[in-house]
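J.: If you're matching them up, the sequences are chains A, B and C in order.
The first sequence: position 76 = 76 (my numbering), numbered continuously.
The second sequence: position 478 = 478 (my numbering), numbered continuously.
The third sequence: position 219 = 219 (my numbering), numbered continuously.
The hints are simulated quantities; they were obtained by calculation from the structure and are not laboratory data.
Nothing here was measured: the structure is a model prediction, and the numbers come from that model.
With a cut-off of at most 25 Å between alpha-carbon atoms, the simulated PhoX-like pairs for lysine-lysine come out as follows: (1) C:K268 <-> C:K392; (2) C:K160 <-> C:K103; (3) C:K314 <-> C:K392; (4) C:K160 <-> C:K150; (5) C:K392 <-> A:K136; (6) B:K575 <-> B:K510; (7) A:K136 <-> C:K53; (8) B:K624 <-> B:K423; (9) A:K136 <-> C:K395; (10) C:K160 <-> C:K108; (11) C:K188 <-> C:K217; (12) C:K227 <-> A:K136.
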Amino acid sequence: MSFSDLLLQQTINGLSLGAMYALLALGFTLVYGILELINFAHFNVFMVGSFIGMWTLQLMGINGQSIVMTGLPLIGTMLIALIVTMVLSGALGVLIERVSLRPLRDVKGPAAMITTIGVSYVLFNIILLTVGADSKNYPNPLPPVQWDIGDAVLRLREVLIWVIAVLLMLGLHFFVQRSKMGKAMRATAQDPEAARMMGVEVDRVIVIAFFLGSALAGAGGLIFGLYYNFTSFIIGFTAGLRAFTAAVLGGIGNVPGAMLGGVIIGLIEAMGGQFIATAWTDVIIFSILVLVLVFRPAGLLGRVAPNKS
Amino acid sequence: MRMITKLFARIPMARRQHLLTLLAGVAAIAFPLLHDNDADIDSAANAAAYATLALGLNIVVGFAGLLDLGYAAFFAIGAYAYGILTSFQVMPHWSGFWEPFAWLELVRRIPQPGGDLVHFTVSFWIMLPVSALIAAAFGVLFGAPTLRLRGDYLAIVTLGFGEIVPIVVRNVDSVTNGAAGLNGIQAPRLFGHSFGVAALPYYYVAIGLVALLVFVSIRLRDSRIGRAWMAIREDEIAAAAMGVDRTRTKLLAFAIGAGFAGATGTFYVAKLQTATPEMFGFPVSVMILVMVVLGGMGSVWGVVLGAVSLQLLQSWFLEDISGWIHDLGTLIGQPWMLKIDLTESIELIFGLILVFMMLYRRDGLIPATRKQSALSFEEQHAEVRRGGFPALTGLGNFTHSDHTGLEVRDITVRFGGLVALNKVNLAVPAGDVVAVIGPNGSGKSTLFNVITGLTAADGGTIRFDTQSLLGLPPHQILRRGVARTFQNIRLFTNLSVLDNVLIGQHARLKTGPIAAVFRPPSTRREEAAARVWATEILSLFGNRLLPRATQTVSHLSYANRRRVEIARALASRPKILLLDEPTAGMNPAETLELAEQIKSLHSLGLTILLIEHKLDVVTRLADKVVVLDHGEKIAEGTPDEVRRNDAVLQAYLGRGTLAEGMVDA
Amino acid sequence: MKSRLITRRHTISLASGVAATALFGAHTARSADKSVTVGINLSLTGADAESAKRIEDGAIMAFDEANATGGINGYKIVVTPYDDGSATAGQYDPAQAATNARKMVSNKATVAAIGPQMSGAGKAMAPILSEGNLAIITPSSTNPDITDPKFAAQYRPEGKAIYFRTVATDAFQGPYMANYYADVLHVKTVYILDDSGAYGVGLADAFQGQAEKKGIKILGRDRLDPKAADYTAVLTKIKSLNPDAIYYGGVLQAGVKLAKQAYDIVPKMIKGGGDGVQGPEMLTAVGYPANEGWYATVASPHVTEDAKMADWVKTYKAKFNVDPDDYAVTAYDAATVILAALKQVTSNGKEPTRDAVRDAIQAVKVNTLQGPVSFDANGDLQDKTISVFQIKQDKSIPADDMRQYHYIGIAPSA
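Given only the sequences and the hints, what does the whole structure look like? Please build it.
T.: In structure tokens, the structure reads:
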């Protein structure tokens, strides 16, 4: 394999990883921008979303990778799985906010963040105790189509990830920038008191932010399963810490920052695995996290005004 | 049971604590002798080890308010330090260099056909304090660049470190044997006998460690250092303004907490004789946090209880309860019940504990703040006292030549595009009272902030006693003798009145962490003198503050809280006192009372710079009045002169009123 | 005022609860007359749980059979299971294994033990078991260091061998597979991966050493993180180097993900591993077509398909509802050894002590399902057979049936 083809292949790998991390980081950054709250539970909503997607596909009769669909049935199945996953994950996020975070809205200090750690643990362990610790084979109806670019390979599932991720991100961008609720969200992010006095229902804004963020996480979980053909109870932690770093790198609270950060972290993971060794990837990524927070806490795109797309 | 409670109630409060401690100690020592099950003693030893970890995290999170989500990293460092120095992992080639170490029994020579090797056999007892020091050093290393970060950012960074350490351990496998784990770690030896596999000696070492660290925690908590930590936790800015060196104090908390974890790490792997990177990941940091949250952040005995109960829950209760469920299942013929294993759900319980404690009982099982009894009627009834006070021993009789006064020249402060102060000049001669007045937003508080180092200046100079104050951190400015109060009252909310005033003395006391633990006579004298001084200052305000000395300031009235702030500033024995709207929120009688008290301070020689809105107070107190408007000085002079000044009237009342002649100038 | 009272009450009730349970716990210790306890330590949680279950069942089958006929000289065998797997590790956890070893040693009724399943656990347990002079027989732990006299000071500080095996070691499993790669599969270049665990690294090292001797060119060696989800970077690197084959030393937590992603990226490459990839999860979690063609080895003879084993297999299947695999057999053999040792010790009416049982195991010569079993001075099995399997989709049997691993033969010993 020539060097340029190798580079191309690793770039494809990196961008696919990056798309997943970006989706995760987006939801996380949305909530932070409005509430200035680090929501540790977010990454396990991602994991639960992946299982919801799996069960939805299994309910539709798809098991493992043996059944392959094409054309309209494929698109229909994918759409149904995506919508169901996003709606249920969003609902889970709203439930979390209502039950465990709203009562703590006015409490100063780390109480809310500590609560999200607790919720994260609860989700993680409920799944673990119900489905067990082993990896699950993910139902995947995608046909194994691929295109060769020299020696590099671009597979259908990679294109699928990019398409879904970009569509979701564009959708979010337009929503935040153009819609009335989006404007309300940006206002709340800047100054909740003032927003409330201008007639914005701050509670509702927060619920919608949680819904959107968790729905994106759920979509990310479904995509994860389709890409790797497996899921397990532990995927939240590893993907989560990388998405976390991506959000911080791009600038916590900044939506395009989350996308940029996700792509960068994905590429670093791919290139690091190629040229250094996969064993050191984690150290590199965590070091980035620490260095960004110490030397440039605003991240690459800065916290100009949180949620400004 | 009731008889016991009655007997208990007879014992005075102070003794109760001692009695309970004694009983706990006796129970701990007697436990293994009464209950001879090795596995249970082993669990109890583990519980004690987690208690020491919780104590360490309590110093970082509970006392100093620094949320550390990667505490297990220090646990790992202590563990691997001991592990590497006592196992067969690192075996360099023998040379003459190792002779003295062999003589000291720190290494052993292993004969090998290809060349003799060095086997490290450092003693457990030496490594206990050494690991603590190594971990503390790493605490300083991690903390130095990161402790200035805000709450959640600090949490994330510590989480990052908490992950980096196990990963590095996993990858540098020539030294640590990576994920396979370090095996064959040496057990402790005492008088030639190895501890081996029996749990009993480990148990007693663990109990000893807990007792030692509880002692150290309590000594630190009740000292100048503990107060400084709690001041930082409550309000960092106010702490700095009262003379607390934030960076050094935070690093101290971080390092001491790390040291506790390092020592525990050594103990834990000496008992297990194995160390793997998995033992020190994020779940362990969270578990220790759960113990601290459960027990009560900041409560020494609370976190011990939290740690012990969670650990015993995991090793005893859940197993036993699972066993009962199994038996019940067999009894009633429900086979699925035999599959239930509650020990697996311990992490679920951790998560639930975190959520419930945060939602319903943030103080923990044993709250750190003590309850106070209600005040008597006489204590609650306060009279307005006129005439100020004649003397305040301890403040001394300051003569005017003690310092040359405050000089602010051409000070400019910009916030982005907004100019808050524009080339302002102000001079406060020694021994004078100068008042700064002006409409809201004119920059008065910004002026105070730039003098006391909380805001940076973009131009100009500030000198106190001919020395420049520019660029100095707030705690250094306090040490020069410049004390202040805040417009919005920045007290240490969850601390008592007395503690608030004692923290005001932070810069004037000398007790460091080591003296705090050992409490030599000099420290005891210093603490006693500090309390006498604090009581004197509190008594200035009649019976308003003294009866409430041990009450939490959050329970005080607004006016009383203002008084506490002034008392706190006075406690630092300042040469110049900056008061930001001291009489705000007081009725006319109280205002007069306070004004006269300020006058007394003045006659004792204190220089005072005052921001006030109430013009009668200004007239009564001030030698000179400076008027600010939109960041510029528009007038200066005696109170009378300023009252008639056109520019001043315009600023306060608007241009129209002057023209219409509505004001009698 | 009120809340203080509540907390004190809470504390008192908590303390009494602790005291009560402690005493209660002490009393519920079953006092059966004439029984001995055998501990079984396996990785019952995590990625290798299904294999663990089969092993446990094999041992239990032997003990149940003995108890059904009245025990050994009147002594009933009580089995105490221990789990060294943890959810957070997702597989075996050496620290948990060490804790289990302490528990086994401190339980005075335990005279022998079976396990561990994984060598990573074994390395942690051995020193503790040595200090307690408790003999353990492993049906599947293959890392040679634990019984190697070179490391005796580390793994048996008290001197006597306590770690016995009814299975061969990686000192043979790795190299014999290298021989197979070279001689039978005619592999000229190989890329080696391990999963950073004690077993995986050791096996990969052993394979690498022999492969080099056989003239196979090693194009590279990399380490996988069992917790990570993504191995595409390293697999792409392998693809670019284009070796004939991959060899994976490690267990299933990483193995499952590796198999799936390798199928996507390097579908045509020869792929093989040790006994770590011989497990039910390879069939259920990986599934067809991704697991097709994978080679796996087992460090024992393959007897479950022999004619004379048909009855045993039928009994096993009827009792536990799953098919036995080769390590279920070695576990049954381990139990057989312990029963033989017990019989010998109690034959004169003497009480079975830990020391006596260990000595008896060391000297044992008994016929088991895999053939005659005896141990050398280090505790290793005298017989060294490595069996090779390959996964080939067989639609006539269920997809998760272990017979999807087709037995090919014995790996060449040179």
